[in-house]
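Protein chains: 2
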Amino acid sequence: MGVEGVRMVEEALRSGCRIEAVLFSETGERYRERLAPLVARPEIAFPVLRTTDRLFEGLADTEHPQGVAALVEPRVTTFDDLVRTPEGTCSPLLVVLAGVQDPGNVGTILRTAAAFGATGAAIAASGQSGTASPFSPKAMRASAGAALHLSVLSGTPLPILMTQLKVAGFRMLASSVHEPETGEQPLLAPWEVDWCEASALLVGNEGSGLPVEVERSADARIRIPMASGVESLNAAAAAAVLFYEAARQRNSLATRNIQEP
Amino acid sequence: MGVEGVRMVEEALRSGCRIEAVLFSETGERYRERLAPLVARPEIAFPVLRTTDRLFEGLADTEHPQGVAALVEPRVTTFDDLVRTPEGTCSPLLVVLAGVQDPGNVGTILRTAAAFGATGAAIAASGQSGTASPFSPKAMRASAGAALHLSVLSGTPLPILMTQLKVAGFRMLASSVHEPETGEQPLLAPWEVDWCEASALLVGNEGSGLPVEVERSADARIRIPMASGVESLNAAAAAAVLFYEAARQRNSLATRNIQEP
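Chain order of the listed sequences is Z and S. In terms of the numbering used here, the first sequence is residues 4 to 264. In terms of the numbering used here, the second sequence is residues 4 to 264.
Mixed in with the good hints, there may be bad ones.
The list treats identical chains as interchangeable, and a pair is accepted whether it falls inside one copy or across any two copies.
[Stated by the list, open to error] Restricting the straight-line Cα-Cα distance to at most 25 Å, the calculated cross-link-like pairs of lysine to any residue (SDA-like) are:
id	residue 1	residue 2
1	LYS169	SER154
2	LYS141	ASP105
3	LYS169	ALA192
4	LYS141	GLY210
5	LYS141	THR80
6	LYS141	ALA230
7	LYS141	ARG17
8	LYS141	MET229
9	LYS141	GLU209
10	LYS141	ASN237
11	LYS141	GLY107
12	LYS169	CYS199
13	LYS169	PRO214
14	LYS169	SER157
15	LYS169	GLU90
16	LYS169	GLU200
Honestly, the hints are just simulated from the structure, not real lab data. Everything numeric in this text was worked out from a predicted model, so none of it was measured.
Input sequences plus hints: build the corresponding full structure.
Right, here's the structure in full:
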């Protein structure tokens with residue numbers, strides 16, 4: 004997978020992912036000093052290549068490339084990696100993308116999740132509506148490299164993933180856009196959910212949300228309460244609100260634990 | 004001020020703002036039935052005009068106009084209107100935009116504020132960096148008509164507005180992007196702020212935030228805590244998180260009040 008631009012290459016070099024090569028164009032040479040501490044480490048051996056500006060522009064995905072790129076091997080995440088509780092956190096908090104189609108939204112949601120302390124992400128292969136790859140250039144730019152730092156599991160079909168997560172003790176939380184029918188579980192406000200348990204937040208398609216049967220099989224359905232007559236938030240803003248609420252509860256819990264005798 | 008498209012015209016007709024005229028093109032005629040209950044009311048007298056598609060396209064701001072538009076007189080909001088406590092709310096909650104330059108961001112912030120129960124908005128005239136008008140076509144589209152429902156006060160210079168609000172008993176809350184210097188008030192997390200008091204949330208420029216002297220003179224500086232190394236949220240997502248926190252506190256207070264004997 005290629006990443007481009009000086010900030011993204013820095014992120015990649017810091018991420019601990021295996022680097023296959025770093026590429027500088029003539030113009031990109033001016034970033035060589037800035038990147039030197041990350042590139043010139045004896046313990047990591049990868050080729051540093053030079054190219055002409057013309058060749059680089061042919062390879063680049065952006066219109067005005069900075070002339071720096073890296074070839075990165077994405078971290079291989081197993082299911083066990085995904086559900087691990089990282090040190091310093093009370094429990095794992097995952098985001099499961101199921102049908103988010105805009106690469107920019109995928110990247111922004113991963114960036115927001117990482118910023119608010121999510122411990123991993125899963126990109127579910129789901130029947131009708133696939134999810135955009137988090138490793139495409141557009142998603143990588145929108146995620147500002149978050150996809151390199153988070154454990155990201157890709158390709159497991161959604162029903163299998165949900166079953167595995169339930170068996171592993173996770174509560175499945177569906178971000179809902181549907182009205183519940185009679186007899187179904189009610190919609191909860193984000194603050195009515197206990198985010199300190201091992202949780203997986205399911206985020207669906209920008210327009211149609213999660214498939215109804217997925218919402219029904221979730222342990223809780225969440226909706227952000229809003230004044231009547233106002234349209235819903237866009238997918239990225241809604242994710243920001245939900246992960247903020249998770250961070251609020253998980254942080255305040257940590258503080259409370261420290262203060263207790 | 005003109006608004007365009009069937010949803011926006013509906014919003015305008017419902018808003019209680021004075022309508023100067025409604026305009027249908029030949030193509031737009033198919034929306035006449037949908038709008039009829041709002042247009043054909045005896046108590047409101049405004050001309051309903053017809054035009055050719057060609058003329059309408061010349062007037063329209065969008066590329067593929069729906070052929071319906073309305074000429075609306077924005078609600079005149081006085082300072083007294085702005086600071087009023089609307090029925091059913093515990094206290095007024097205002098958003099003050101000071102230097103937000105992208106019309107899309109202005110619209111989205113107003114829409115989010117309205118969705119989470121803000122009671123009014125002020126667009127401050129501020130020295131170097133003005134704020135985009137909430138009544139421009141682009142801002143109106145992004146706000147999905149929220150600017151028509153909220154009380155919006157425009158044009159008061161920021162220092163005067165801040166003084167007036169302080170005198171009226173408002174706490175000034177600055178959404179901060181600056182590190183505090185020694186001796187300055189610390190940054191608070193959104194959940195450390197009491198949003199049930201009369202509050203005005205100041206939102207600054209997308210890149211540079213609020214002027215430092217404005218942050219210093221605020222009663223509290225707020226920053227959304229995030230994992231280190233992650234860039235900040237964009238302006239609209241940050242506003243969504245802050246107004247969500249306000250709504251969370253204000254709603255739970257309401258619930259608590261109802262449940263108490």
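Failing hints, ascending? none
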